[in-house]
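**Student:** Given the coordinates of chain Y, work out where chain R should sit on it, guided by the hints.
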Amino acid sequence: MNALPTRTTSALLYLDGVHVSFDGFHAINNLSLTLEPGEMRAIIGPNGAGKTTMMDIITGKTRPDEGEVLFDGITDLTRLDETRIAELGIGRKFQKPTVFESQTIQDNLLLALNVDHSVRGTLFWRETKDESERIERVLETIRLKDARHKLAGSLSHGQKQWLEIGMLLAQDPKLLLVDEPVAGMTDVETHQTAELLKEINKDKTIMVVEHDMTFVRELGVKVTCLHEGTVLAEGTIDQVSSNERVIEVYLGR
Amino acid sequence: MMPHVLTRSLDRSATIFLAVVAAVGILIPLSNLLLPAGSMFQVPTYLVALFGKYVCYAILALSIDLIWGYCGILSLGHGAFFALGGYAMGMYLMRQIGSRGVYGNPILPDFMVFLNYPELPWYWYGFDTFWFAAVMVLLVPGLLAFCFGWLAFRSRVTGVYLSIITQAMTYALLLAFFRNDFGFGGNNGLTDFKDILGFNVQADGTRAALFLLSCLALIIAFLICRAVVTSKLGKVLIAVRDAESRTRFLGYRVESYKLFVFTLSACMAGVAGALYVPQVGIINPGEFAPGNSIEAVIWVAVGGRGTLIGAALGAVVVNYAKTVFTSGPLAPYWLFMLGALFILVTLLLPKGIIGTFNAWWEPWKAQRIAANAESAALEDGVSVSKPNPAE
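Heads up: the protein sequence lines correspond to chains Y and R, in order. With the numbering used here, the residue at position 84 of the first sequence is 84, and numbering never jumps. Count along the second sequence from 1, add 253, and you get the number used in the numbering used here.
Extracted from the complex, chain Y is given alone in its bound form:
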């Protein structure tokens, strides 16, 4: 293992030899993965393959037992907590949409903006033109402009997913971790979400976990298939889906 005062990898996200076990169950097993800046990567894999645990490790929710997790080539994420990692520029959308249900859509986005998050800063906060313009742009992107004063709890499932992506945009992170963005969406919404992610990918690095193969195909990006906490196959969607071991894992042996 290198102690890293200087940058050793060009990757934005670099995982090497990561192990995590919960009560003897090996959730992540020697997982190695790199994400280049500007890339969009789709992660697939059967239930229990460790996709969400991997995101927990990257965002500081779970500490790995072993292995290296580097952000931007220099920052060791395994030593930091959720707040610090979010401040570094890693945003996360959860599997189950988690928005602040009792607050308006606009306030949800306001809370997500990457501005001063200190107690004093928020106590004496006043709206600025720059902030309201940013919120305006996000509202436009996620098509919730007319609903801005509605409570987030009153939105449909699909709209909540979009609001959460909007919160990610407001956070303006370098890396977006998106967990099952199209779960529970209609075909039209799924298509629109793929378009949206492609749009966002123009200036951000994205990692998407998704079960929906049509969606992954539509994204048209490099795919990594996880199984039992380790990388089983990597390549284009056609390569991965024709890989015999992947078929075996998905169909059962």
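Some hints here could point you the wrong way.
[Unchecked claim] In silico DSBU-like cross-links for lysine-lysine, where the CA-CA straight-line distance does not exceed 35 Å:
1) K604(R) x K145(Y)
2) K618(R) x K150(Y)
3) K604(R) x K96(Y)
4) K575(R) x K96(Y)
5) K604(R) x K61(Y)
6) K575(R) x K150(Y)
[Said to hold, decoys possible] Per label pair, the in silico range of CB-to-CB distance:
7) L263(R) x L151(Y): 20 to 30 Å
8) S498(R) x K202(Y): 44 to 54 Å
9) L469(R) x K202(Y): 53 to 63 Å
10) R621(R) x S156(Y): 21 to 31 Å
11) A429(R) x I74(Y): 48 to 58 Å
12) E140(Y) x L263(R): 31 to 41 Å
[Said to hold, decoys possible] Covered stretches of chain Y, as calculated for chain R (at least 3 residues, CB under 8 Å):
13) 83 to 89
14) 100 to 109
15) 115 to 126
I should point out that these hints are in silico values taken from the structure, not numbers from a laboratory. The structure displayed is predicted, hence computed values, not measured ones. Even glycine gets a Cβ: it sits at the ideal position worked out from N, Cα and C.
**Tutor:** Below, chain R without anything else, positioned relative to chain Y:
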């Protein structure tokens, strides 16, 4: 800065609430002092003291609502901060007695002479001056809350676990204050107060002034709470209440927010206790009883959690009921009443009095605003498009 905060925090119901408190705070003392005794509109002195007690409870309820209603921290030990503020004030009042005590010792309060204290314990120094006691009223509860919160919130103790350790905290203080060698009067607590800032605590004028001050403190506490909950910090607090880990992933240091609001709330509870003690004339370890803290949470639940006004209202309503029921033939059944009240409110009015009123009033108001907007739009010849963001 200030006018901006004021316009933001004073909506219509807040203004009405403040006007009512101000009117009560001025009219009750005036009626007590100026009208002849026996007149129909004269408020007798014992009622002034009783209402003063309710106002102090209302401040305590506000402090609980600030952390429970807006940040989801259910403290079942807030009575401890109230009692600590009360003890700080009680210590000042004890030292004002001077040589007028039963034993006539100019320095030592009666209970210390009785218990053969050779000299004044160091932690009683300074309490002969009012300003020092006033600072301690804020500092002691604030410091305890800060240390307690720092440990609890950093270790991410939440929910029912936090509630249990707050109960343990107030119970531990109860046991400590019961001890004679702890130096706060043991079982009997502090009482027999003579005067405050040179005014006789029993005099009508002093009682009226204390009542007015309590109302003023309630107004200030309410304004502080409103300023906090209507700021962006208030939105963060609600975010923490509803989805704590989500808030962390957005880059907020949740423990700092909890610590800030918990400490602020404890200071407010301390002030409430300090105003309470001269009006009831005694402070003893019974104030630390876990039951007291739970009762205070019930006031907030009855009035409406997360509404501030409801908390204050709940404190007054429940305590008025308590006064009525504990002074009549129903007295032995008060605790059953309180329990029934809590169950009924949970079942029938889960949002409390104010919360239920809002739930009934808000849609009606929104409907009226929408109707107005629609008719205005029709006049402009523009059809109102229903928002349909998903398409």
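**Student:** Each hint should be assessed against the structure and marked as holding or not.
**Tutor:** Hint check results:
1. K604(R) x K145(Y): holds (31 Å)
2. K618(R) x K150(Y): holds (15 Å)
3. K604(R) x K96(Y): holds (27 Å)
4. K575(R) x K96(Y): Given pair K575(R), K96(Y) is violated - Cα atoms ~46 Å apart, limit 35 Å.
5. K604(R) x K61(Y): Since the Cα atoms of K604(R) and K61(Y) sit roughly 34 Å apart, the hinted pair holds (cutoff 35 Å).
6. K575(R) x K150(Y): Roughly 41 Å separates the two Cα atoms, so the pair is violated.
7. L263(R) x L151(Y): 20 to 30 Å: Roughly 23 Å apart at Cβ, these two residues keep to the hinted range, so it holds.
8. S498(R) x K202(Y): 44 to 54 Å: Hint violated: Cβ distance 30 Å, outside 44 to 54 Å.
9. L469(R) x K202(Y): 53 to 63 Å: holds (58 Å)
10. R621(R) x S156(Y): 21 to 31 Å: holds (26 Å)
11. A429(R) x I74(Y): 48 to 58 Å: holds (51 Å)
12. E140(Y) x L263(R): 31 to 41 Å: holds (33 Å)
13. 83 to 89: holds (count 3)
14. 100 to 109: holds (count 5)
15. 115 to 126: Coverage by chain R holds for the stretch 115 to 126 of chain Y (8 residues, Cβ < 8 Å).
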